[in-house]
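K.L.:
Chains A and B supply the protein sequences, listed in that same order.
Be aware that the first sequence starts at 1, since it is given in this note's numbering, and climbs by one per residue.
Be aware that the second sequence starts at 1, since it is given in this note's numbering, and climbs by one per residue.
Treat the hints with caution; some may be incorrect.
Identical copies look the same in the list; a pair holds intra-copy or inter-copy alike.
In silico DSBU-like cross-links for lysine-lysine, where the CA-CA straight-line distance does not exceed 35 Å [said to hold, decoys possible]:
#, residue 1, residue 2
1, K252, K130
2, K233, K90
3, K233, K246
For the record, the hints were derived by calculation from the structure and aren't laboratory data.
Protein chains: 2
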Amino acid sequence: MTNKNYLERVENKLDEFLPNSGALADSMRYSVLDCGKRFRPTLTYTIADMFEERLEHADSSACAVELIHAYSLIHDDLPAMDDDDIRHSKPACHIRFGESQAILTGDALQALSFEIIANDNNIDPNIRIKCIQQLTHASFEMAQGQSIDMAIVSSSVDISVLESMHLKKTGALLSCAVKLGAIISKKCSPKDILILEEYSKLVGLAYQIQDDVLDMLVPDNVLGKRQNSDQKKNKPTYPSVLGLDKSQSTYKRFYENSIKSIEKLSVNANQLIELTNQLQSRRF
Amino acid sequence: MTNKNYLERVENKLDEFLPNSGALADSMRYSVLDCGKRFRPTLTYTIADMFEERLEHADSSACAVELIHAYSLIHDDLPAMDDDDIRHSKPACHIRFGESQAILTGDALQALSFEIIANDNNIDPNIRIKCIQQLTHASFEMAQGQSIDMAIVSSSVDISVLESMHLKKTGALLSCAVKLGAIISKKCSPKDILILEEYSKLVGLAYQIQDDVLDMLVPDNVLGKRQNSDQKKNKPTYPSVLGLDKSQSTYKRFYENSIKSIEKLSVNANQLIELTNQLQSRRF
Numbered sequence: 001m002t003n004k005n006y007l008e009r010v011e012n013k014l015d016e017f018l019p020n021s022g023a024l025a026d027s028m029r030y031s032v033l034d035c036g037k038r039f040r041p042t043l044t045y046t047i048a049d050m051f052e053e054r055l056e057h058a059d060s061s062a063c064a065v066e067l068i069h070a071y072s073l074i075h076d077d078l079p080a081m082d083d084d085d086i087r088h089s090k091p092a093c094h095i096r097f098g099e100s101q102a103i104l105t106g107d108a109l110q111a112l113s114f115e116i117i118a119n120d121n122n123i124d125p126n127i128r129i130k131c132i133q134q135l136t137h138a139s140f141e142m143a144q145g146q147s148i149d150m151a152i153v154s155s156s157v158d159i160s161v162l163e164s165m166h167l168k169k170t171g172a173l174l175s176c177a178v179k180l181g182a183i184i185s186k187k188c189s190p191k192d193i194l195i196l197e198e199y200s201k202l203v204g205l206a207y208q209i210q211d212d213v214l215d216m217l218v219p220d221n222v223l224g225k226r227q228n229s230d231q232k233k234n235k236p237t238y239p240s241v242l243g244l245d246k247s248q249s250t251y252k253r254f255y256e257n258s259i260k261s262i263e264k265l266s267v268n269a270n271q272l273i274e275l276t277n278q279l280q281s282r283r284f
Numbered sequence: 001m002t003n004k005n006y007l008e009r010v011e012n013k014l015d016e017f018l019p020n021s022g023a024l025a026d027s028m029r030y031s032v033l034d035c036g037k038r039f040r041p042t043l044t045y046t047i048a049d050m051f052e053e054r055l056e057h058a059d060s061s062a063c064a065v066e067l068i069h070a071y072s073l074i075h076d077d078l079p080a081m082d083d084d085d086i087r088h089s090k091p092a093c094h095i096r097f098g099e100s101q102a103i104l105t106g107d108a109l110q111a112l113s114f115e116i117i118a119n120d121n122n123i124d125p126n127i128r129i130k131c132i133q134q135l136t137h138a139s140f141e142m143a144q145g146q147s148i149d150m151a152i153v154s155s156s157v158d159i160s161v162l163e164s165m166h167l168k169k170t171g172a173l174l175s176c177a178v179k180l181g182a183i184i185s186k187k188c189s190p191k192d193i194l195i196l197e198e199y200s201k202l203v204g205l206a207y208q209i210q211d212d213v214l215d216m217l218v219p220d221n222v223l224g225k226r227q228n229s230d231q232k233k234n235k236p237t238y239p240s241v242l243g244l245d246k247s248q249s250t251y252k253r254f255y256e257n258s259i260k261s262i263e264k265l266s267v268n269a270n271q272l273i274e275l276t277n278q279l280q281s282r283r284f
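Just need the whole structure built from these sequences, with the hints factored in.
P.N.:
Structure below.
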């Protein structure tokens, strides 16, 4: 199955899981549907596919991870946080629906995310519990990472602080997307899970450093959000600490190491290698 | 077991479940510990006790419900929402820690709430899933209720709109506190659960109408928050729609009906009746 099929699949499933009526339905659908790269659900589906798991068993996990991601972007964009007005090339949720509704839209998406896993009767309750354990903890760590991010604005920090912040802010959920794919795949061994944990940690760091670099280099219309937004907010980033060249070589090295890390998986990892290469060549 | 024992128990358990270090630990502990009436966990423990369930089986559910309640208060108090500066007779979370950290504190508490149920190895995974299904849905409905509440500020609404808003905003979580107590109690029959659902709906409405009335009648130092805050924000409330006298008689009738509704439980309901009477005579 190709990435394109995953994108269609996750779009249809998100559409099914989101409410069609009632308070917050419009703002939830606006913030989740027809936007975003769907990188996290693609990771979950790719892992499930590699281990020959039925993709319908990955639907709730893939969508749940994407809902957590969508909620985090809504809250990150708020005036009290990063104060960004554009997201996915359209007005941010709080610009379109107002600040109070945006806060509540994020809150509702977080609750819905765990609910769709809990309600997935295709999955054994023991497996559902494992998935919820991982996702709740990733969501908790993501909030911690954003808390550190807000606390170090205008500060001078060393690279170890940035790395630990990014591991929580971006790495935890990316890593979770991989782990959920592994947990729901019956053929994935404990050794495979350890390998995938290492892979997801490396990809998570590579992805975030690359984000910092793209924020500097790519114009608004390609990025889908404001260029140079980190610098304008005086946020410490990899390029501001390491310089642009070293940041680029660092994230490329992390991507290369992530690909090396999956060589010993018990299944053919070509699909995951291809996805990782696609990520490395992304421009937004 | 008396209420006082429940209060000590929930305080100790919350203390255990909350993080002691790391980002957001201080603001989470500030917003959860040593404050609040603990009415929702008391309900969960009371139900478990009535059905002779071991209280340690109710700990994660009781605390999870309280964490959701605490998160909702933090977000409700934000400047973009109700803009309240005092909560539990001390500065609101965003006054003490700043707005961005308060948003994230609420976000982290919501994630932690589901995590502590998912991680409770004393409870069968099937039961944990049922509890998480109930609590995620209640949390989702609570966000919807608050969304309606924000949308009708300065509007003229009839009592049916207020009632449906309160059923989501306050009723859903109160009802959930009762249902979780029932779900984890092995001796609680499906018929008992139906009776307790009806009870919790009536108590939820009574509680919220009473809140509206207390907001008008009780001074700040007893209430632990600003008196007349609804009226100052031009929020429609039961007293503003029905008048004070009729609101008082309405909530008293709901409390009376809630007590009648539990007459047919398969166990002695005296403990729950006593708790309901305590609620009815509360002043904050």
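K.L.:
Each of the hints needs a verdict: does it hold here or not?
P.N.:
These are the hints, each one checked on the structure:
1. K252 / K130: Within. Shortest intra-copy distance 32 Å satisfies the 35 Å Cα cut-off; inter-copy 44 Å does not.
2. K233 / K90: Result: close both inside a copy and across copies, 21 Å intra and 32 Å inter.
3. K233 / K246: within (22 Å within a copy, 53 Å between copies)
Going through the hint list in order, the structure satisfies each hint without exception.
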